[in-house]
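Taking the hints into account, I'd like the entire structure generated from these sequences.
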Amino acid sequence: MMIRRLFQRMCNAATAVTLAVLVCGAVLTLAIGAAALLGYPPLRVAVLWLHGAAGSWYALSSSCADACPLLLTGLAAGVAFRAGVLNIGAQGQFLMGALVAVALSTRMMICHQPVLVIPLALIGGALAGGMWGLIAQYLERYRSVPVVLSTILLNFVALYLAEAALQGPLQAVGTAAAQSPEIAGKYWLPLFVAYTDFHIGIILALVLAVLLWVLQERTVFGFESQVVGLNPGTAKAMRMPVTWRQFQIMFISGGCAGLGGAIQVLGQVHFMTAHMGNYGYAGIAVALLGRLNPLGIIFSAGFFGFLDTGAFRVEESSLALPHDMANVIKAVVILVMLVLAGISLRRSRRVGNPGSSAPTETPSA
Amino acid sequence: MNTSQNIITFLSRQAVTAATPMILAGVGELVGELSGVINIGIEGAMLMGCIAAYTVTGVTGHGTVGLLAAGATGMVMAVIFAAATVWGRADQIVAGTAMDLLGVGLSGMIWMMYQNWRENLGFSTALPHGSGFSPVVIPLLHEIPYLGPALFEQYMLCYLTMCLCVVAWWTLNHTRLGLIIRALGDAPEACHAAGVRVRLGRSLCLLFAGACAGAAGAYLSIMQTHAFASDMTGGEGFVVLALVIFGRWKLPGLVGGCLFFGLINSLQQTLQTARYTSQNTALHALTHVPFQFFQMLPYVAAIAALAIMSRKSPGPRYINIPWPSTKT
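Respectively, the protein sequence lines represent chains Z and U.
At position 272 of the first sequence (counting the first as 1) the number is 272 in the numbering used here, and the numbers step up by one without a gap.
At position 95 of the second sequence (counting the first as 1) the number is 95 in the numbering used here, and the numbers step up by one without a gap.
A couple of the hints might just be wrong.
Now the stretches of chain U that chain Z is said to cover, found in silico as 3 or more residues with beta-carbon under 8 Å [as the list claims (entries may be wrong)]:
| no. | segment |
| --- | --- |
| 1 | 79-91 |
| 2 | 95-109 |
| 3 | 160-167 |
| 4 | 232-241 |
FYI, nobody ran anything at the bench for these hints, they're computed from the structure.
Glycine included, every Cβ here is placed at the ideal spot set by N, Cα and C.
Written out as structure tokens, the structure reads:
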């Protein structure tokens, strides 16, 4: 029985993936057509794009390394949205995680053993992200400030906090910019394929995605948090610890984003500025494209990483096609998938409760 | 004129200047949300407004044409969004995220291509001299002590925004049209029963919101700065979203929130420079505080204000619920 259900689920996932691949193919064709209209040679754009994103082990590894922070911020958004916690603050949590990881690996050295420093920095980053998320949840629970609102505002607070730290105690010697010193080579995340960007952070993120899937789909905790998301009233009536679950979810969500920041600085960029890319905001799109399913998020993050890396290589080439093309393609893919497959935050159809996010009683005319 | 009057005059003027684009975009977003559609992608529409205004002004040399182009571009973005959410029944949060990405991507692309194109032609990418807007001083009224400059030494679009606020407030609260707009978000069934076309109504509200967001973008690029930079809105669209909730879906609340935000922002900017020049020891002691803490102030103040006021408003009931609620 269990195996049959699992198989059905995989079939569903397979259909979704096939659909996604088809849509991506169609959109890529369209994009290349658009490039042709704008006066760029379409075939060369396509070849350069594919070559830049997956043409060699190195290209493939940089696509994966770019997808890694997206996967983690995507998981952050996905876990939270599924439980009805509208955490838009992955960007801030990502920054706080990166900040703590940099601090632990450059300044606040407790010891100098990479075996200890790396895990410490990763855990510290995850905790920092989680705590940053908890502020928003605290404000929601005890001060009635909606999470959507406080997380947006806290993103900016985190940004300026990170800048202040990077221009103050964490600033690199000999620069006026808000920038941390480079992390010593021995504290970088080890590579599992030499001379590429395949660092163990990627494996860590994948494992985390699978664990989160198990947590969501196979445990009481996952079920309860889903009920809390669909209908807090029902959850309360069923004596589920609604507040506690929301705090836990927020902590997990923020922790994922914070871990993403830590992995990004330790594994990929090796120093920090406050403008490390909009991974947090992009994570929302990744999560939604992956239909809030951790396994789906792996694919959508990979897709985003693939697009971004290819776009940057095309921009660097003699063609100089603006890399923002990648963002346009992502937007079009989401819009097309939306209408075709109905990506939705309202999971009503699957659960069979049409009024999940609607007001419970029918409003009188 | 004494110093305190000077300071108040200066701060209030800065606050209104900074708040105008947020109020403008906010009024549009508010109308959209009242009709039952939340648009998270307002940042994207603003960015498209920025780039449209800048490039069109650069090419034609007329700021007004640029402003109109920005409004039109915002409406085009709204058409896409309305097609997906109102007619295609897509989830509004998801579609909004896509619109944000679309705005960021398209505006960045257009900007790079515009630069290449102008440079190949041998033109500068800067705005032609005198084509951007400068503040319009209204004679006599601007001499009113304290608040005169704040209200009467502003850009043309700011005066339009003030008029728009009054008109929108009157319409929303005292006319049949306003009742319909609010009913679209609170009781679409009732609208339907009364013969109002719900989806058409929502689409029109979104078009209005798009035009507002586009114009707000134009304000940033061809009025306030006379420049374009990719991602120049810097999250202002998200702040607007927050301020609509902050104002509890009421126009005066929204305007108050924007002005409060603008005031704290101009206050922190003034403090940043004043602490170095001031003779006052208390102010001078602030020189050791990193300037980022000043930049943080408006956001912290907004969170603090919310935490203190602490009253939740549910907002329009049918936000993010497509019409008709069952697919036929």
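Here is what the structure says about each hint:
{"no.": "1", "hint": "79-91", "verdict": "holds (count 6)"}
{"no.": "2", "hint": "95-109", "verdict": "holds (count 13)"}
{"no.": "3", "hint": "160-167", "verdict": "violated (count 0)"}
{"no.": "4", "hint": "232-241", "verdict": "holds (count 4)"}
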